[in-house]
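Number of protein chains: 2
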Amino acid sequence: MAHLRIALAQTNPTVGDLTGNAGKLVAWTREAADRGAHLVVFTEMFLTGYPVEDLVLRTSFVDASIRTLEETAVRLREEGLGELPVVVGYVDRAGLAPRVGQPKGAPLDAAAVLWRGEVVTRTAKHHLPNYGVFDEYRYFVRGDRLPIFRLHGVDVAVAVCEDLWQDGGPVAVVGQAGAGLLVAPNASPYEKEKDDVRLELCARRAREAGCALVYVNQVGGQDELVFDGDSIVVDASGELVARAGQFREELLTVDLDLPESAAEPGRFPYDAGDGSTITVDRIVLSSEPVAPYPVRPATVADRPELPAEVYSALVLAVRDYVAKNGFQSVILGLSGGIDSALTATIAADAIGPERVHVVLMPSRYSSDHSVGDAEELVRRQGLNARTVPIADIVDAFEKEIDLSGLAAENLQARVRGMILMGLSNEHGHLVLTTGNKSELATGYSTLYGDSAGGFAPIKDVPKTMVWELSRWRNAHTDPSFLLRAERPIPENSITKEPSAELRPDQRDTDSLPPYEVLDRLLDDYVEKDMGSAELIAAGHDPDLVTRVIRLVDLAEYKRRQYPPGPKITPKNFGRDRRLPITNRWREST
Amino acid sequence: MAHLRIALAQTNPTVGDLTGNAGKLVAWTREAADRGAHLVVFTEMFLTGYPVEDLVLRTSFVDASIRTLEETAVRLREEGLGELPVVVGYVDRAGLAPRVGQPKGAPLDAAAVLWRGEVVTRTAKHHLPNYGVFDEYRYFVRGDRLPIFRLHGVDVAVAVCEDLWQDGGPVAVVGQAGAGLLVAPNASPYEKEKDDVRLELCARRAREAGCALVYVNQVGGQDELVFDGDSIVVDASGELVARAGQFREELLTVDLDLPESAAEPGRFPYDAGDGSTITVDRIVLSSEPVAPYPVRPATVADRPELPAEVYSALVLAVRDYVAKNGFQSVILGLSGGIDSALTATIAADAIGPERVHVVLMPSRYSSDHSVGDAEELVRRQGLNARTVPIADIVDAFEKEIDLSGLAAENLQARVRGMILMGLSNEHGHLVLTTGNKSELATGYSTLYGDSAGGFAPIKDVPKTMVWELSRWRNAHTDPSFLLRAERPIPENSITKEPSAELRPDQRDTDSLPPYEVLDRLLDDYVEKDMGSAELIAAGHDPDLVTRVIRLVDLAEYKRRQYPPGPKITPKNFGRDRRLPITNRWREST
Chain A
1 MAHLRIALAQ TNPTVGDLTG NAGKLVAWTR EAADRGAHLV VFTEMFLTGY
51 PVEDLVLRTS FVDASIRTLE ETAVRLREEG LGELPVVVGY VDRAGLAPRV
101 GQPKGAPLDA AAVLWRGEVV TRTAKHHLPN YGVFDEYRYF VRGDRLPIFR
151 LHGVDVAVAV CEDLWQDGGP VAVVGQAGAG LLVAPNASPY EKEKDDVRLE
201 LCARRAREAG CALVYVNQVG GQDELVFDGD SIVVDASGEL VARAGQFREE
251 LLTVDLDLPE SAAEPGRFPY DAGDGSTITV DRIVLSSEPV APYPVRPATV
301 ADRPELPAEV YSALVLAVRD YVAKNGFQSV ILGLSGGIDS ALTATIAADA
351 IGPERVHVVL MPSRYSSDHS VGDAEELVRR QGLNARTVPI ADIVDAFEKE
401 IDLSGLAAEN LQARVRGMIL MGLSNEHGHL VLTTGNKSEL ATGYSTLYGD
451 SAGGFAPIKD VPKTMVWELS RWRNAHTDPS FLLRAERPIP ENSITKEPSA
501 ELRPDQRDTD SLPPYEVLDR LLDDYVEKDM GSAELIAAGH DPDLVTRVIR
551 LVDLAEYKRR QYPPGPKITP KNFGRDRRLP ITNRWREST
Chain B
1 MAHLRIALAQ TNPTVGDLTG NAGKLVAWTR EAADRGAHLV VFTEMFLTGY
51 PVEDLVLRTS FVDASIRTLE ETAVRLREEG LGELPVVVGY VDRAGLAPRV
101 GQPKGAPLDA AAVLWRGEVV TRTAKHHLPN YGVFDEYRYF VRGDRLPIFR
151 LHGVDVAVAV CEDLWQDGGP VAVVGQAGAG LLVAPNASPY EKEKDDVRLE
201 LCARRAREAG CALVYVNQVG GQDELVFDGD SIVVDASGEL VARAGQFREE
251 LLTVDLDLPE SAAEPGRFPY DAGDGSTITV DRIVLSSEPV APYPVRPATV
301 ADRPELPAEV YSALVLAVRD YVAKNGFQSV ILGLSGGIDS ALTATIAADA
351 IGPERVHVVL MPSRYSSDHS VGDAEELVRR QGLNARTVPI ADIVDAFEKE
401 IDLSGLAAEN LQARVRGMIL MGLSNEHGHL VLTTGNKSEL ATGYSTLYGD
451 SAGGFAPIKD VPKTMVWELS RWRNAHTDPS FLLRAERPIP ENSITKEPSA
501 ELRPDQRDTD SLPPYEVLDR LLDDYVEKDM GSAELIAAGH DPDLVTRVIR
551 LVDLAEYKRR QYPPGPKITP KNFGRDRRLP ITNRWREST
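Respectively, the protein sequence lines represent chains A and B.
Position 424 of the first sequence, counted from 1, bears residue number 424 in UniProt numbering, the numbering being contiguous throughout.
Position 7 of the second sequence, counted from 1, bears residue number 7 in UniProt numbering, the numbering being contiguous throughout.
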């Protein structure tokens with residue numbers, strides 16, 4: 001047996017900020033060296049950030065990624081860190097001849113080992129995910145190598161992210177070829193309760209590979225994704241050894257007892273069990289085991305309960321969206337209802353109440369309690385507030401055009417949206433929208449009205465969970481939250497009956513079933529893709545099934561209508577060309 | 001040699017309208033029978049329409065597709081058409097066990113042969129495109145069969161769309177196994193001058209397969225795609241034999257001399273040359289060649305010149321978007337400038353001037369010639385027009401909030417957008433936006449202002465092409481255009497200097513380079529993914545390169561900002577869940 005201290009660099013890179021990410025790599029490697037680590041593992045595509053979308057099709061971007069990797073290896077040596085091997089993700093290219101449908105430049109979702117100023121081995125993800133938020137067949141070609149480098153007598157294999165999730169491929173080859181440790185850089189987005197799935201997966205793959213597994217995951221918000229960290233170490237039997245926290249950067253070190261190896265170096269092809277061949281590339285960095293040293297106990301972070309987990313995800317998402325896009329402040333409309341109250345609270349927790357601007361925009365239909373509840377929230381949290389009545393503006397429109405019913409209701413919502421966008425354009429605040437998932441799903445929302453803005457913190461939160469998160473936040477806090485108020489949300493906003501207040505005595509239940517019923521149905525229809533027969537068989541009311549399916553599909557088409565237009569060139573904006581929002585890459589630098 | 005008369009059904013299906021599409025199949029098959037055809041070939045996924053996006057993940061939708069296929073076979077026999085074999089695309093399923101990342105239900109982009117009331121053979125697309133507008137790894141699993149059916153002594157192979165575009169796979173297997181004819185149902189979206197590429201491709205694949213090739217393509221608008229038809233028949237040497245028109249439905253019949261075969265029926269595996277195995281399934285429908293009959297000369301439709309081609313694509317896109325979404329009319333703002341003039345003209349050509357509503361919305365900065373040019377266009381075309389001055393509404397906003405510079409300019413554009421949306425909500429018109437690609441690319445547009453609407457006809461048309469199309473339309477017409485006016489666009493709208501008229505004496509060239517310079521640069525940057533060094537090497541001005549790249553990337557991020565929000569469930573709306581807009585499928589039916 002040999003001993004190794006492994007450092008898991010659970011980091012928050014910024015897409016396109018190659019210089020900043022490389023600087024962070026050097027700083028964290030120094031910290032790992034100070035803690036006596038023998039190996040540092042960073043996340044998938046750490047140098048470029050993840051996901052980079054169409055940037056990867058730009059030759060200059062891939063050039064910059066490869067150049068940054070090589071310069072970073074040199075810099076580590078120059079700063080006295082060359083003896084500590086670093087595993088890090090970046091973007092490389094496969095050098096294949098162009099063919100129809102192959103991503104331009106044949107990019108690779110790559111990982112490399114840096115040591116003594118050199119890039120000593122390179123590999124790339126073999127299984128490309130193309131489901132959910134992933135579109136990797138659009139961006140990458142498959143890797144077909146498995147590097148195994150000997151470090152102080154231990155054979156360490158490297159596989160990237162999705163290669164853990166799919167059967168066959170590099171992990172299967174680790175099992176055939178033999179290694180003492182498998183390290184996996186990841187960029188695995190948060191999804192509620194995914195931590196349970198990940199641990200089970202790591203345990204299974206460790207047993208399949210026949211060795212310990214170090215799973216290092218990205219943390220932080222990136223556009224509409226949030227990465228939660230939750231990095232994991234399991235031993236060869238699949239037992240959990242160490243675990244990092246969620247939603248925070250962390251350099252987790254762990255001491256492992258690992259088998260020594262004397263396998264022959266060289267290149268060896270293996271049948272990967274998925275119809276492809278993978279070449280194992282064995283190299284030796286150092287054969288001598290490290291001298292015995294005092295082992296430290298491993299840390300296993302607690303798993304938070306569900307509302308805490310979701311709330312922390314939302315706070316981190318807002319914080320990083322604001323920071324990575326270079327905003328200093330946010331602005332949102334405060335109605336007195338629970339959706340805007342929760343959104344304001346998340347924002348205050350993310351960036352501090354002094355950077356949150358709220359606008360009360362009462363209309364002729366706003367109730368006294370709405371204004372009162374909004375003012376009470378401002379008072380409790382110390383937000384920047386102003387009031388802009390909308391009645392005169394609505395009147396000015398109605399003098400020019402006759403609108404009735406829904407058209408008149410939408411007008412009020414749009415006047416509010418325009419006020420927020422105007423203040424945003426004038427003062428540079430990011431507009432947060434306050435719609436929840438139940439509303440958005442059923443179209444209980446106005447296009448260019450309450451849906452106008454730059455970021456939608458609770459867009460993916462069903463209404464019943466909006467209440468749950470609000471009650472949880474009134475009872476709990478966390479050191480990472482910047483809002484210091486006790487019970488930041490007025491109780492009346494949580495308990496009162498929901499209303500859009502766009503006509504007299506309006507209630508959500510005029511148009512929608514109770515949210516407890518609606519949210520269960522939406523979950524089965526939207527998340528589980530059940531058809532109407534399945535929904536009815538699952539116990540949902542048949543009339544309601546028909547009605548809600550119609551609402552959801554109609555709302556979806558309306559959302560999609562902004563703004564398609566016929567395609568006549570290779571790249572129409574929208575579907576054909578996609579760049580990350582929170583991106584720091586500039587062609588001209 | 002045997003003779004066959006093949007009918008190419010170049011049709012315009014509607015996504016989700018299984019009943020309507022099946023009805024059209026029967027009607028067109030009857031017409032083909034009347035013309036003495038021995039085989040009818042419909043397009044890719046004709047029964048469901050293409051593309052169906054997330055509908056394909058719904059069990060009930062795939063069930064309905066398969067049921068419709070089988071019922072259609074029976075109906076053809078019942079209506080006396082059972083002896084005429086029909087090749088048609090639909091959605092099927094592969095029956096694979098679920099695994100991580102595999103599309104739910106393992107759907108297939110399938111094609112079948114209907115004959116004597118039965119589905120006599122089924123196949124599915126092998127190569128799944130996942131570039132440009134295609135995301136097929138998200139929706140389908142690969143097919144691994146190649147059916148070859150003997151019809152009147154001729155062996156006819158069937159391959160679907162992308163299988164023609166990629167090396168290896170079914171077409172390579174046709175070459176090995178031997179067939180007398182290869183028929184290919186397609187749904188290949190329009191792109192300018194793609195017709196040249198298609199002909200070259202068909203010729204090459206015919207030579208590779210060693211037999212004649214019948215390429216049948218969809219026609220019609222579907223969301224942001226336009227399919228142009230352009231169906232092609234080439235002989236075994238790759239020579240063009242027949243060609244259908246673009247942008248119109250057409251039943252093209254062609255008489256072919258084809259080799260007779262006596263190959264053994266049965267199933268035979270072949271190495272497909274792309275790492276996979278494809279099973280050839282040979283069946284016999286009829287061995288006896290048809291008796292000699294009088295052959296008709298083949299028709300080869302003329303290719304239109306470029307402005308005619310693009311203009312026809314835009315007219316068809318608008319016509320089908322309106323019709324397939326169930327709208328009766330459109331509304332747009334008319335400024336007197338060329339973009340709104342061209343958009344109105346396209347709309348009038350698509351659905352008739354009596355269904356086009358325009359709103360003149362002069363502000364304090366609108367010039368006399370703007371109003372005059374807009375009124376002249378209304379007069380020439382006979383559109384429904386009204387005038388809504390915006391000054392008082394803008395004043396009402398400015399009384400409540402102080403806005404300056406760009407924020408004040410945006411306010412005017414947003415007031416106009418709200419007026420159009422209000423009239424749309426009140427009267428049910430579809431709002432057309434009038435932004436061109438050069439403006440959208442550089443962000444010379446207001447979010448929720450001029451970009452607010454349901455469809456953007458010239459979103460993908462650079463400004464220089466806006467002028468070119470306008471001049472072309474003033475000099476030409478086409479029987480499919482519904483506008484009968486001579487020179488429908490006022491000359492002054494074409495020749496005057498472009499201005500947004502959001503402040504006194506504003507000109508586009510205050511903020512942008514001349515469009516001739518800008519459009520060349522945008523083409524190289526956006527369509528060709530050139531980096532800054534490549535752009536400068538290609539002769540673009542270095543300062544302009546830096547400035548335009550910054551504008552384009554910033555505009556792209558702003559577009560993307562509407563409306564991402566953090567993902568916490570399996571399916572956030574937007575990136576994770578996508579349904580076609582122009583869809584007639586209803587769960588509840």
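Quick caveat, the hints were computed from the structure, so don't treat them as lab data.
Keep in mind that the hints are not guaranteed to be accurate.
A pair holds if it fits inside one copy or across any two, identical chains being indistinguishable in the list.
[Stated by the list, open to error] Listed below are the simulated BS3-like cross-link pairs for lysine-lysine, each with C-alpha atoms no more than 27 angstroms apart in a straight line: (1) Lys399 - Lys104; (2) Lys399 - Lys496; (3) Lys528 - Lys192; (4) Lys192 - Lys399; (5) Lys104 - Lys192; (6) Lys558 - Lys104; (7) Lys528 - Lys104; (8) Lys528 - Lys558; (9) Lys194 - Lys104; (10) Lys194 - Lys528; (11) Lys496 - Lys528; (12) Lys496 - Lys24.
Alpha-carbon proximity context of Lys496 and Lys24, limit 27 angstroms:
Neither: 47 angstroms inside a copy, 54 angstroms across copies.
How would you label the pair Lys528, Lys558 (within, between, both, or neither) given a Cα cut-off of 27 angstroms?
within (22 angstroms within a copy, 32 angstroms between copies)
As a check of your reading, is Lys496 near Lys528 (CA-CA no more than 27 angstroms) within one copy, between copies, both or neither?
Close neither inside one copy (31 angstroms) nor across copies (55 angstroms); limit 27 angstroms.
Which holds for Lys399 with Lys104 at a C-alpha limit of 27 angstroms: within a copy, between copies, both or neither?
neither (55 angstroms within a copy, 53 angstroms between copies)
I want to check one pair: Lys528 and Lys104. Are their C-alpha atoms no more than 27 angstroms apart within a copy, between two copies, both, or neither?
between (35 angstroms within a copy, 10 angstroms between copies)
I want to check one pair: Lys192 and Lys399. Are their C-alpha atoms no more than 27 angstroms apart within a copy, between two copies, both, or neither?
Neither: 49 angstroms inside a copy, 46 angstroms across copies.
Intra- versus inter-subunit Cα pairing at 27 angstroms for Lys558 with Lys104:
between (33 angstroms within a copy, 25 angstroms between copies)
Please sort Lys104 with Lys192 into within, between, both or neither, judging by C-alpha distance up to 27 angstroms.
Between copies only: 20 angstroms across, 35 angstroms inside.
Same-copy or cross-copy closeness of Lys194 to Lys104 [CA-CA at most 27 angstroms]
between (33 angstroms within a copy, 19 angstroms between copies)
Are the CA atoms of Lys194 and Lys528 at most 27 angstroms apart within a copy, between copies, both, or neither?
within (16 angstroms within a copy, 39 angstroms between copies)
Please sort Lys399 with Lys496 into within, between, both or neither, judging by C-alpha distance up to 27 angstroms.
Result: close neither inside a copy nor across copies, 35 angstroms intra and 34 angstroms inter.
At most 27 angstroms between alpha carbons: which applies to Lys528 and Lys192, within, between, both or neither?
within (15 angstroms within a copy, 39 angstroms between copies)
Violated hints, in rising order: 1, 2, 4, 11, 12; the structure is consistent with all others.
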